[in-house]
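Chain by chain, the residues run as shown.
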Amino acid sequence: MTVDQPLEIRPPRSFAEAAEAHLDDVFGYLLYLTRDRETAEDLSGSTFEKALTRWDRFDPQRGSARTWLLGIARTTALDWFRAESRRRRREEAAARPEQVDEAFVEGLSPELETALAALSAGEREVLALRIVLELDGDAAARVLGISPTAVSTRLSRALKRLEEKVNER
Amino acid sequence: MTVNEIVDELGAARPRASDALRLQVLTHASMPPTRPPSLGERVRRPRRAMLALPVAAGLAVAAAVAVGVTQSSPAPVAREAVSSPSQDTAVRSVGAQPPAALAGPQVGSATSQSKAPAPAIGRAQRYTATLTLGVDDTDALSSATQQALAIARDLGGYVVSVQYATGERGVASLTLRVPSTQAATAVTRLSDLGTILAQNVQIDDLQESLDALGREIERARAEIAALTAAIDRAETPAQRARLVERRGQARAQLRELTATRAATSEAARNATIQLELRTDESSVAPVGGSRLDRALDRALAVLAWEGVVALAIGVAAVPLVLVGLALWFAHRTRRRRDDDRLLAAS
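Heads up: the protein sequence lines correspond to chains A and B, in order.
Just so you know, my numbering puts 457 at position 8 of the first sequence, and the rest follows in order with no gaps.
Just so you know, my numbering puts 391 at position 118 of the second sequence, and the rest follows in order with no gaps.
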């Protein structure tokens with residue numbers, strides 16, 4: 450019954466199938482990284498555009514479609530962060546305050562939302578991958594380009610910091 | 274709020290893409306890719322890169338087989354090209370004799386592959402020949418050396434020196450002297466002992482020198498006779514002593530001239546032939562084995578050559594590849610560190 454196997458254990462038959470199955474994962478990951486729904490949506494669109502042009506290079510033996518898409522999403526987000534960093538440096542003289550969307554994830558308590566906003570993008574990233582998207586250590590390590598041990602370390606530090614931020618209020 | 278509660282809450286509030294984004298992405302995803310993969314992307318594909326090596330190896334083998342098959346046929350043209358003598362006949366005239374006259378009629382039969390020029394009959398000429406022959410193997414080398422010695426003796430000549438060495442490549446160097454009248458015959462018969470690789474015949478006319486020496490000798494003799502007569506007629510002891518001294522000088526000159534004429538005559542009487550026999554593979558026409566064997570041999574030689582070239586390229590490329598890898602690794606590490614710093618600061 451391979452036809453009805455879930456996507457977690459079989460490669461997608463088409464790019465459309467992969468996009469439909471993992472759109473929420475990509476969007477959620479980018480939302481945690483950027484803390485801005487509009488930006489996350491833009492980056493999600495860009496991610497899937499890039500992924501479509503590279504779809505023939507996707508090798509299911511080297512990782513799942515979800516891991517592959519999240520890797521592209523990460524590259525897209527990093528490009529955006531670099532552009533943002535340059536833009537911020539240029540606008541520093543104007544002292545424009547950074548826009549913060551405190552309620553960037555629906556369904557979270559205000560304390561947790563605020564605490565998440567206080568974390569760095571790197572910390573939110575590992576929380577998104579390991580806790581929100583429930584990637585295992587190996588898959589998260591592939592997306593981040595680090596070892597599974599480093600993922601565990603990064604995750605425990607992020608959780609500890611998040612706990613501190615939540616409880617200090 | 275504990276860590277477990279935080280984890281539970283985060284896991285429960287999983288973000289969902291908006292319908293607008295979903296529609297946009299799925300519409301886009303259902304279309305075929307607008308941009309075909311670039312050449313660089315195609316080259317980077319691991320599967321194609323993995324194919325490149327066997328394809329290159331296949332091409333190398335195919336080229337070797339093609340060369341082996343095309344060059345294995347026993348084409349008479351190829352054999353002729355290999356065994357064709359690079360005959361270089363140098364004729365130098367010492368007198369006014371025209372070169373054509375120096376060649377003169379052939380002495381002895383010249384029915385074999387080499388028709389060497391012969392010295393002119395009735396003229397004193399120094400004949401020097403250098404002959405390089407290729408033979409199949411060391412057995413043929415030994416046999417040819419023995420036959421060369423026999424030819425020299427048969428023609429009334431003798432062996433001046435013989436050097437014979439075998440190993441990976443056998444060489445025999447012989448210096449033979451035969452009567453000049455048999456020189457052309459000797460060269461012709463010696464040429465039959467192998468494949469001619471090089472031949473050089475030099476004929477120097479000595480007749481003018483001999484004639485001049487003869488005149489000088491006659492003049493010296495006449496002078497001695499005149500001096501002897503003058504000595505008999507000398508009136509004073511002092512005059513006699515002076516004439517005796519002059520006669521002594523004339524006699525010494527006569528001896529010298531006579532010796533020179535004898536040496537020149539000897540040089541004209543016997544020709545010198547330098548013969549070198551070699552077992553050089555490149556000089557031997559491919560005669561042994563079937564066509565398949567020759568094709569295989571040739572293909573293996575081409576493959577070996579290709580291997581040497583590939584090895585040389587590899588040796589030259591390895592340092593560059595290592596430097597490239599080191600640069601790539603350093604760039605990647607730096608990029609990751611920059612990314613981490615960027616995400617930590619955002």
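No wet-lab data here; the hints were simulated from the structure.
Be aware that one or more of the hints could be misleading.
[To be verified] A partial selection of chain B residues facing chain A, derived with a Cβ cut-off under 7 Å:
#	residue
1	I279
2	E282
3	L296
4	L299
5	A589
6	L616
7	A617
Yeah, the Cβ is synthetic: ideal placement off N, Cα and C, and Gly gets one too.
Quiz item: Are there hints from earlier that the structure breaks, and if so, what are their numbers?
Solution: 3, 5
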